[in-house]
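Residue numbers (my numbering), protein chains in the order written: chain F, 1 to 231; chain G, 1 to 140.
Calculated pairs, EDC-like style, for lysine to aspartate or glutamate (alpha carbon to alpha carbon, straight line, at most 16 Å):
#: 1; chain 1: F; residue 1: 73; chain 2: F; residue 2: 162
#: 2; chain 1: F; residue 1: 107; chain 2: G; residue 2: 53
#: 3; chain 1: F; residue 1: 73; chain 2: F; residue 2: 164
#: 4; chain 1: G; residue 1: 91; chain 2: F; residue 2: 148
#: 5; chain 1: F; residue 1: 90; chain 2: F; residue 2: 228
#: 6; chain 1: G; residue 1: 136; chain 2: G; residue 2: 105
If you are wondering where the hints come from, they were derived from the structure by calculation, not from laboratory data. No experiment lies behind these values; they were computed from the predicted model shown.
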Amino acid sequence: MLTRKLKPALIRLCSFCKRNSSATLLITLAVLLLRCNSSGDKLPILGEREAVTKTVDGKPVTDSVDHTIPDFKFISQYGDTVTAKTVSGKIYVADFFFTSCPTICPKMKVQLKRVYEKFKGNPNVILLSHTIDPAHDSVSVLNQFAKDLGVTDHQWLFVTGDREKIYDIGQGSYMVTAQEDASAPGGVVHSGAFILVDKERHIRGIYDGTTEAGVDKLINDMNRLLAEYTS
Amino acid sequence: MKYTFPGVFAFLLFLTTVFACQSEEEIKRQRYITEGILVYKNNCANCHQPKGEGLAALYPPLAKSDYLGDKNSVICLIRYGQKGPIVVNGKTYNHPMPAQPQLSDLEVAELVTYIYNEWGNEKKVTSVTDVTPILKECKK
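Work the whole structure out from these sequences, hints included.
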């Protein structure tokens, strides 16, 4: 069926090619370029390169490396410890929120839930939501929040911990803003960003977690990033 | 049969008056709803969602919600917030809703009009003169 339709089309195309060789060349080039754009390029590594001093053969050597998320230690909604080891060998999406936030957090959670549903069961993907209000968001509060949001597995972790450490890693490493502001609803202003981190803990993308378009792009880039590891 | 000019004129005048009366109330309803949509978007939709469906077991729905049966309580919790468990359509929700003291009586009325016309099967205005005494009452 298909070949019967395809054959005449191919014949027509070939006779067209014979008559217009320059057009054929253009078409071929265009196809090649499009192929390069859609599958060839990798996601960029974001952040400034950092100086690292290592000891090689007994001598200190300073080199620069890509911006990397440092080791961390927080507690999840199940009460267990979450470290860099938890996300090792996986790509993950990080964000910052608090459960009593009435402004952008519910929007972010609706969008991140979409990501969660999309990659549910994929052992290479983890979602990591940090509370920036650990005084209120205890393990039990996060547990109830996650449950009510419909999250009951270990693929989406809601973490709490030392307030300073959460703010430090948020601002210093994930490059998001978060600060207390008594005039803001909920008392804290913070960014609605989702940060995509690869298996080497490099930041590969920052997305607007409050909009559908921003998160569509995140989902698309997550697939691209996963593909980098399979090819 | 011949129409007299004054007769036709009187009939037209009658028609205009009837429709003008109807549409004045209708215009008010439309105005309340238009403003109410804005108030909803800016203050409620983040949690209760643009279509009023709520968010999982976190935030209760407004659409098809039996809680709308108690309008006075709806008006009061918009202004003063809600703490502790709340039962909507037989399901218990237990996350606090912040008070919205920044909303004026008129804005609460516009919001309630929008909510009840959109999800409460109403086709009328809940005007600011209805809302103000209720808000005074629940402040006590």
